[in-house]
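Protein chains in written order, with the numbering used here: chain B, 1 to 696; chain A, 1 to 163.
None of these hints come from the bench; they were simulated from the model.
Computed from a prediction, not measured in an experiment: that's the story for all the values here.
Note that the Cβ used here is the ideal one computed from N, Cα and C, for glycine as well.
Incorrect hints may appear among the rest.
[Stated by the list, open to error] Below, in silico cross-link-like pairs of lysine-lysine (DSSO-like), each with a Cα-Cα straight-line distance of 27 Å or less:
#, chain 1, residue 1, chain 2, residue 2
1, A, K114, B, K524
2, A, K132, B, K487
3, B, K656, A, K30
4, B, K523, A, K56
5, A, K114, B, K523
6, A, K56, B, K487
7, B, K577, B, K547
[Said to hold, decoys possible] These stretches of chain A come out as covered by chain B in the derived footprint (C-beta under 8 Å, 3 or more residues):
#, stretch
8, 42-54
9, 68-81
10, 136-148
11, 152-160
[Said to hold, decoys possible] Among chain B residues calculated to face chain A with C-beta under 8 Å, some are:
#, residue
12, L26
13, S364
14, A408
15, N409
16, Y410
17, K487
18, L517
19, I519
20, A627
21, A628
22, K631
23, V636
24, Q637
25, D667
26, R688
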Amino acid sequence: MAKSPRTKSDRTQPSGGETHQTAAGLDTAVLTTNHGVPISDNQNSLKSGTRGPTLLEDFVLREKIFHFDHERIPERIVHARGSGAHGVFEATDDISDLSMAAVFTKGEKTEVFVRFSTVAGGAGSVDTPRDVRGFAVKFYTREGNWDLVGNNIPVFFIQDALKFPDLVHAVKMEADRGYPQAGSAHDTFWDWASLMPETTHMLMWAMSDRALPRSFRTMEGFGVHTFKLVNAKGEASFVKFHWKPRLGLQSTIWDEALKLQAADNDFQRRDLFEAIDTGNFPQWDLGIQVFDQAFADAQPYDVLDATKLVPEENVPVRLIGTLTLNRNVDNFFAETEQVAFLPSNVPPGIDFSNDPLLQGRLFSYLDTQNSRLGTTNFHQIPINAPRCPFANFQRDGKMQTMVPRGRANYEPNSLAAHGEVGGPRESPVTGFVTVDAATGDDESGEKLRVRSETFADHYSQARLFYLSQTQSEQAHIASSFVFELSKVGLLDQVPPRMVANLRNVDEDLARRVADGLGIPLPKKAPAAKEPVDMPLSDALSIHKNMKETLEGRAVGILIADGTDAAELDAVVAAIKKAKGKAVIVAPKVGGAKLSDGSVRKADGQLAGSPSQIFDAVAIVLSQEGCAALIKEAAAVQFAMDAFGHLKAIGHSDAAKPLLDKAGIEPDEGVTDLGKSFMTAASRRFYDREPMLRTLA
Amino acid sequence: MRGLGIGRDYRRPALLASRCICSDSAALNKMGAFFEVIAPKIGGVTLSDGTAVAAKHKIDGGPSILFDAVAVLPSAEGAALLAVDAPAKDFVCDAFAHCKFIGVGADAELLFTKAGLAEDLDDGCLPLGTSKDVGPFLEACSMLRYWPRELAVDLDAEPAPHD
């Protein structure tokens with residue numbers, strides 16, 4: 001055998017100048033293959049000669065590349081873009097008269113995993129398109145997992161799951177051209193939506209600021225469907241689930257959302273991660289609206305119709321627990337990507353209604369998880385596994401990680417009587433029992449492929465939603481319809497057809513949209529059922545439910561060389577005292593030299609920290625600093641956008657020329673750096689908007 | 001046809017029109033460039049001679065970042081309308097900050113004033129008052145960007161100081 005030309009110690013010498021980090025001398029594990037074989041060199045593949053071909057026998061190279069090539073799994077067909085976190089749910093109210101579910105036992109703490117998402121865009125798409133947000137919660141209860149797979153909007157586009165593929169095909173990127181990504185402002189969506197009057201209520205929400213949440217932390221969540229709560233006696237009540245954010249509601253405006261796409265694709269993912277990372281744990285209260293069959297029968301809508309909500313003014317939301325997100329994921333793929341939500345996961349005490357959208361979802365989610373995760377054993381992945389014991393006779397399958405002992409993979413069996421493991425058995429007492437009673441008329445009978453007449457009112461709640469908004473919010477809805485329909489190329493048919501539907505919602509809205517499009521008002525579309533006027537609901541408005549606070553919000557402080565140190569310190573201290581986050585922005589991330597000669601490091605460079613990422617801004621400049629920044633488009637834009645996005649702007653006297661350059665007209669939201677700024681910074685100035693933007 | 005370097009069709013001059021005269025569309029076509037009309041409403045605008053021109057984009061749906069050069073051609077009345085519209089101001093501010101050539105219509109001044117640019121207009125901002133102006137503007141556009149402006153709009157563009 002020929003002698004090796006190089007000694008073992010030689011092999012650690014980088015003959016090509018490449019970087020080698022070795023385990024020796026480091027308190028670290030030795031790198032191995034997936035099968036445990038130690039690896040000597042993680043820089044060079046095995047070649048014949050120093051410059052020869054790579055050898056097929058190089059199992060280290062082959063395994064590494066093989067594994068890398070298979071890192072991705074199919075992304076979710078919808079809700080592909082998501083951000084997750086761990087937390088805890090604590091039940092705070094006794095509802096044992098309504099539900100026997102252990103998760104609702106007062107004082108019970110249940111581990112949860114939450115995933116927020118957009119709907120239309122792919123996994124790598126932006127966080128701030130105009131879109132519905134998913135709000136999915138997996139409760140690892142001691143009676144099995146409960147997945148409440150909801151959205152930040154309480155109604156949906158369609159009434160029957162049979163239409164789901166059509167909805168999603170229409171809204172996703174168009175089939176031939178592969179665009180647009182993550183947005184509904186295109187031909188196929190509006191073509192479809194304008195032909196589907198049942199979408200109208202959802203369109204009101206989707207065109208409102210609800211589809212532009214500032215943060216996951218400032219949006220509501222909803223279970224969407226009517227579910228049932230079941231008590232120990234087997235008595236059922238209808239229930240709608242709500243998540244109420246402790247920080248109140250807050251959304252961006254459209255121009256701000258667009259500019260956030262440019263400034264930070266991951267704006268909401270980062271916000272969630274940083275909030276948890278800094279101990280500012282996001283919280284929501286779980287609310288329930290409980291009602292009985294008599295109430296349901298008395299409403300002008302069908303509670304089984306997912307395009308309808310139950311106004312909070314009719315059935316108040318009762319808060320029964322608190323969700324706290326307190327731990328970021330350790331690994332995005334293992335947890336956020338592999339988490340598999342199943343609306344069919346309910347513990348005893350929670351049951352389904354006959355909502356035909358929910359009924360379809362009970363199948364769809366189980367099916368899709370097998371497609372994504374590649375095995376029926378996806379429940380064994382740690383993020384999906386129940387935290388309570390679970391046992392059955394399902395066996396084998398791809399990626400089986402459990403090792404069942406014994407022969408008991410069938411039932412009934414008498415193996416236990418022979419001293420062997422006999423396996424688990426059903427439990428009529430503690431097991432899940434489907435509520436047996438039909439809860440209303442026509443909930444059983446002949447096989448019919450028909451839509452119930454009780455689903456035919458497509459417009460009353462759309463009108464309720466629109467008319468319950470503030471003037472500013474109505475303008476945003478009208479403007480969103482105009483913006484989106486202006487992106488539709490099928491101009492002859494689609495926008496007029498949509499506006500014809502809107503005439504059933506509100507004539508003023510329809511006129512505004514037609515005028516904004518520059519088209520004549522079309523003839524009103526016939527309604528399947530004439531809408532009725534419902535009492536207005538303040539709960540449907542974001543602006544009426546915002547909190548005037550700096551808690552959870554960020555203030556960008558623009559400084560430059562010469563900034564007055566005392567002035568800056570006072571602003572930072574005041575923001576911190578109000579539980580806000582003070583973020584210092586300077587032309588250079590290294591910081592700025594202040595008036596007292598000290599250097600203040602910046603949290604962000606100006607070009608990378610535009611004002612859209614903040615909730616309010618302070619511009620703290622000296623005369624000299626202001627003169628420099630007037631020559632910096634990013635600084636002018638910083639001020640201009642803060643003004644355009646209706647934010648408070650506090651400024652030093654010397655910063656005034658920058659504000660003038662940005663065309664800022666002084667108003668209530670433009671203040672000095674004193675107390676008035678702190679008051680202003682806790683809100684937005686919607687009254688400013690008509691002065692600076694043409695709204696429909 | 002490839003004319004003065006503007007012939008590649010991915011170079012997209014934009015016309016921000018509000019009751020505008022867009023007599024330069026023929027010239028653009030002749031050079032092989034393509035243009036898109038942006039207006040306050042997708043339904044378009046009525047020009048000074050009474051003809052209607054459809055818009056490709058509503059202003060907030062057609063920001064200047066999508067284009068290689070822009071021409072701003074409002075009537076005086078149109079300029080007043082655009083001057084109080086943040087997306088219209090962004091349209092010109094961004095075009096200016098991105099060092100693009102800007103054709104400035106005879107009645108466009110108010111928009112530039114309100115956008116804080118009136119005193120900054122430079123050699124990259126060319127008049128588009130009459131049909132005679134069209135040629136020089138398009139010729140300039142073929143250079144794609146007016147880089148000397150960068151020093152005036154970006155502190156980072158300044159060379160590092162020498163000790």
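Results of checking the hints against the structure:
no.: 1; hint: A:K114 / B:K524; verdict: violated, 41 Å
no.: 2; hint: A:K132 / B:K487; verdict: violated, 34 Å
no.: 3; hint: B:K656 / A:K30; verdict: violated, 47 Å
no.: 4; hint: B:K523 / A:K56; verdict: holds, 25 Å
no.: 5; hint: A:K114 / B:K523; verdict: violated, 40 Å
no.: 6; hint: A:K56 / B:K487; verdict: holds, 9 Å
no.: 7; hint: B:K577 / B:K547; verdict: holds, 17 Å
no.: 8; hint: 42-54; verdict: holds (count 3)
no.: 9; hint: 68-81; verdict: violated (count 1)
no.: 10; hint: 136-148; verdict: violated (count 0)
no.: 11; hint: 152-160; verdict: holds (count 5)
no.: 12; hint: L26; verdict: violated, 38 Å
no.: 13; hint: S364; verdict: violated, 34 Å
no.: 14; hint: A408; verdict: violated, 65 Å
no.: 15; hint: N409; verdict: violated, 61 Å
no.: 16; hint: Y410; verdict: violated, 63 Å
no.: 17; hint: K487; verdict: holds, 6 Å
no.: 18; hint: L517; verdict: holds, 6 Å
no.: 19; hint: I519; verdict: holds, 6 Å
no.: 20; hint: A627; verdict: violated, 12 Å
no.: 21; hint: A628; verdict: holds, 7 Å
no.: 22; hint: K631; verdict: holds, 6 Å
no.: 23; hint: V636; verdict: holds, 6 Å
no.: 24; hint: Q637; verdict: holds, 7 Å
no.: 25; hint: D667; verdict: violated, 14 Å
no.: 26; hint: R688; verdict: violated, 10 Å
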